[in-house]
Amino acid sequence: DAGVIQSPRHEVTEMGQEVTLRCKPISGHNSLFWYRQTMMRGLELLIYFNNNVPIDDSGMPEDRFSAKMPNASFSTLKIQPSEPRDSAVYFCASSWGQGNTEAFFGQGTRLTVV
Amino acid sequence: KQEVTQIPAALSVPEGENLVLNCSFTDSAIYNLQWFRQDPGKGLTSLLLIQSSQREQTSGRLNASLDKSSGRSTLYIAASQPGDSATYLCAVSPLTGGGNKLTFGTGTQLKVEL
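Protein sequences appear in the order of chains P and B. In terms of our numbering, the first sequence is residues 1 to 114. In terms of our numbering, the second sequence is residues 115 to 228.
Excised from the complex, chain P in its bound form (with noise of 0.2 Å):
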């Protein structure tokens, strides 16, 4: 298996405008989680699925920001619209079962809002 894989892997915009993050989970994996990391806060949790539905939303930060898993191989995180504090690297993660097994991530996509 490829991993968890994300695209892209830059992404530069400008404020205002709609940024979409996608990301593949690996094969067979039924929880996948959304990550931010910045250097003021670390690695943040936004939101997490199982089997395809959200469990946990608590820690996306505004109405701007929505993601959504259709299947269980794609997941879209999407922020609309996109302001220079979103600025950050986004991480997916995916994992097998309900909590004790390994969470893999992928390579994050760096987001830069001008």
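Be aware that one or more of the hints could be misleading.
Unchecked claim - Here are the simulated lysine-lysine pairs, DSBU-like style, with alpha carbons at most 35 Å apart:
| # | chain 1 | residue 1 | chain 2 | residue 2 |
| --- | --- | --- | --- | --- |
| 1 | P | K68 | B | K225 |
| 2 | P | K78 | B | K115 |
| 3 | B | K156 | P | K24 |
| 4 | P | K24 | B | K115 |
| 5 | P | K68 | B | K156 |
| 6 | P | K24 | P | K78 |
| 7 | B | K182 | P | K24 |
| 8 | P | K78 | P | K68 |
| 9 | B | K156 | P | K78 |
Hints are computed from structural coordinates only; laboratory data are not their basis.
Keeping the supplied structure of chain P fixed, place chain B upon it in accordance with the hints.
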């Protein structure tokens, strides 16, 4: 709310030295604890996962211990090498609430010098 702290924040050692990285967490109701490695500009690589019922896990030159009651974990690296230079992150998942939702520490930035 779970808080995870890692000490020291940065560490520089000569090659060949044995070293210990520390992780502490405030809520002992955890499902598991994972240690990750992050290279600059890259994603996270899982190093070791310790289940809450376990005391330690070993992989090659790495040994991680867990004392759940005191809220502490250590990562021991034997005979350090320049290739070990990276940021090391520990993360815990909650016992309740389902899923492998990870709360991360702020990391220890390790530099192993020739």
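Hints versus structure:
1. A threshold of 35 Å between alpha carbons decides the hint, and for P/K68 with B/K225 the separation of about 39 Å lies outside it, so the pair is violated.
2. Of the supplied pair hints, the one linking P/K78 and B/K115 holds, its CA atoms being roughly 27 Å apart against a limit of 35 Å.
3. With a C-alpha separation of about 17 Å, the suggested pairing of B/K156 with P/K24 holds against the 35 Å cut-off.
4. Only pairs whose Cα atoms come within 35 Å are accepted, and P/K24 paired with B/K115 is accepted, the gap being roughly 30 Å.
5. In summary, the hint linking P/K68 to B/K156 is supported, as the alpha carbons are separated by about 24 Å, within the 35 Å threshold.
6. Between the alpha carbons of P/K24 and P/K78 the distance comes to roughly 15 Å, so the proposed pair stays at or under 35 Å and holds.
7. Between the alpha carbons of B/K182 and P/K24 the distance comes to roughly 34 Å, so the proposed pair stays at or under 35 Å and holds.
8. Between P/K78 and P/K68 the CA atoms are separated by roughly 8 Å; this keeps the pair inside 35 Å, and the hint holds.
9. Using a Cα cut-off of 35 Å, the hinted pair B/K156 and P/K78 holds, with the two alpha carbons roughly 22 Å apart.
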